[in-house]
Amino acid sequence: MKRIWKLITSMIVISLVTFAPVFVQAYGVKGSTENSDYNIKINNINEKYYSGNISRKNKNLLNASVQQQVKQPNLLYSNNSCSTIDQIKQVAKDNYLNRNTSFSIHYTGNFSDLKGILNEVLDYIDESDDYLANSIVSSEVRYHGYNQDVDIDFTVEYLLTYDQENWVDQKVNSILQNIIRTSMTQDQKEKAIHDYIVANTAYDETLVKHSAYDALHDGTTVCQGYALLAYKMLNKAGVPAKIVVGMVDGSSVENHAWNLVNLNGKWYQLDCTWDDPVPDVQGRISYDYYNLTDDQLAKDHDWNRSKYPSANTNYDLSITNVPVKSVVLDKHQITLKVGEITSLTANVLPANASDNSINWKFDAQGLISFDGISIKALKPGKVYINAVSNDGAFKDTCVVTVVNDTEVDFNNSRQWQEKTGIDPNKSWRLKFTKSVASSTANKDNIYVLDELYNRVDVDISFDVTKDILVVKPAQSYQSGKVYYLVVTTNVASDSGQKISTPIIMKFTIK
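Numbered as in my numbering, the sequence shown ends at 528 without a single skipped number.
Please keep in mind that the hints were generated in silico from the structure rather than gathered at the bench. Incorrect hints may have been included.
Here are the simulated lysine-lysine pairs, BS3-like style, with alpha carbons at most 30 angstroms apart [unchecked claim]:
1) Lys-379 <-> Lys-355
2) Lys-490 <-> Lys-452
3) Lys-397 <-> Lys-379
4) Lys-516 <-> Lys-355
5) Lys-355 <-> Lys-444
6) Lys-528 <-> Lys-413
7) Lys-452 <-> Lys-516
8) Lys-449 <-> Lys-499
9) Lys-254 <-> Lys-107
10) Lys-490 <-> Lys-444
11) Lys-524 <-> Lys-444
12) Lys-437 <-> Lys-349
13) Lys-516 <-> Lys-490
14) Lys-452 <-> Lys-484
15) Lys-400 <-> Lys-437
16) Lys-343 <-> Lys-379
17) Lys-397 <-> Lys-355
18) Lys-516 <-> Lys-484
19) Lys-528 <-> Lys-437
The calculated label-pair distances, taken between Cβ atoms and stated as ranges, are [what the hints assert, rightly or not]:
20) Asp-334 <-> Thr-363: 27 to 33 angstroms
21) Thr-415 <-> Ser-192: 22 to 28 angstroms
22) Leu-335 <-> Asp-169: 52 to 58 angstroms
All C-beta atoms in this analysis are idealised placements derived from N, C-alpha and C, irrespective of residue type, glycine included.
Turn these sequences into a full structure, and let the hints steer you where they fit.
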């Protein structure tokens, strides 16, 4: 819930299945319905056939400390066959984790054991997995069969799909790679995550977006999405966090969600939503609800304190305020052939600076792709990549040059000494130890490349004698540009002897 927003909610009950509207009032223990008929029919050997169903709205306790991970099913029991209630709970949770909307479990115990099975499964999830518990909109169980031969059919609705959850995880991982450094303290990691969420998310005043996916994909969400995203990012960064569900604005029902964060063994209250009040102002970051004690937060928040660890330690925000002194790239000149890939890394100094985040600024012009980690060369050209500190005060630049592939391997050639300050109309005279065969003295075998490895038009001719060749540009070279004179191994003497190694000379025009 936003600071200035009054929550209006309603509940809808349809048949046996209660669907949970995805808003914060859905938090809290809700009821369930159950119908069982233990003597529907008797088969020809007098075995009783049982059937029943249970439906329950998601309890959304959101107070477990175990981080949810989307994963492949960990089906310990062959074909989802279980002999105990504990096994049922684990197999069901695996299916919930993978966002299976319908699945069945075969139970070899007594039918009477299953009267409360849905509550037991959802309670197990509530106690072990914050994120998953809040991702379930509704659940229904139908069970039927005989003692020691019961089929349990689950039908589940989720807040997000499996693919959306995977997208959230991948996006969070990418963000953390950019804003978190190994040198950071726990305090600095929390601040970087808090600042990212507040700076890149706006409160959804339409009240229809509730998830971390909405926050990351659309940039808007309500308090539930803020709390879920903070929970996921903090835990992935190694900072223990919980989600607290409570009341604000004097409400008597649960209408708001925020976080508890553990730093160095101490718990603190963190409300990213209320640090980002409406109307949204680009770049504004508040710390009014950053790492408060229970008593400080209680001035306008209320919650069941018995469910959560106590936050009793005053926090000094200044310990995170270490100023940035510089930004340093690990590379300043990169040359890639089309299709090649390399990495580029930026570091903020000092290593313990409060704000280690980097803003990458460049105009790719279709020449490269760059995700903040890897550069891929797409077509010839030059791109300037700037790594800028978050406050804009410091930057470092890398020049990426994408070149065409060449027949000559620059790494396995004889490099003549580089020439600088060359006249734009310079003609090169190449002296050979023997007379050069006329058939090999041509522009295919002797040529000039520009800095992108594009061929430059030149004229090749003999001087007075056949052991000297003259390489003259058809047009003036460009001032300040780099060029390469290349003599390939296809150049041969009149007797047929070829040059053993390509020769390359780099020269720069004045």
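Outcome of the hint check:
no., hint, result
1, Lys-379 <-> Lys-355, "holds, 22 angstroms"
2, Lys-490 <-> Lys-452, "holds, 21 angstroms"
3, Lys-397 <-> Lys-379, "holds, 19 angstroms"
4, Lys-516 <-> Lys-355, "holds, 28 angstroms"
5, Lys-355 <-> Lys-444, "holds, 28 angstroms"
6, Lys-528 <-> Lys-413, "holds, 29 angstroms"
7, Lys-452 <-> Lys-516, "holds, 11 angstroms"
8, Lys-449 <-> Lys-499, "holds, 25 angstroms"
9, Lys-254 <-> Lys-107, "holds, 25 angstroms"
10, Lys-490 <-> Lys-444, "holds, 7 angstroms"
11, Lys-524 <-> Lys-444, "holds, 13 angstroms"
12, Lys-437 <-> Lys-349, "holds, 24 angstroms"
13, Lys-516 <-> Lys-490, "holds, 23 angstroms"
14, Lys-452 <-> Lys-484, "holds, 8 angstroms"
15, Lys-400 <-> Lys-437, "holds, 22 angstroms"
16, Lys-343 <-> Lys-379, "holds, 19 angstroms"
17, Lys-397 <-> Lys-355, "holds, 8 angstroms"
18, Lys-516 <-> Lys-484, "holds, 15 angstroms"
19, Lys-528 <-> Lys-437, "holds, 10 angstroms"
20, Asp-334 <-> Thr-363: 27 to 33 angstroms, "holds, 32 angstroms"
21, Thr-415 <-> Ser-192: 22 to 28 angstroms, "holds, 23 angstroms"
22, Leu-335 <-> Asp-169: 52 to 58 angstroms, "holds, 57 angstroms"
In this structure, none of the earlier numbered hints is contradicted; all agree with it.
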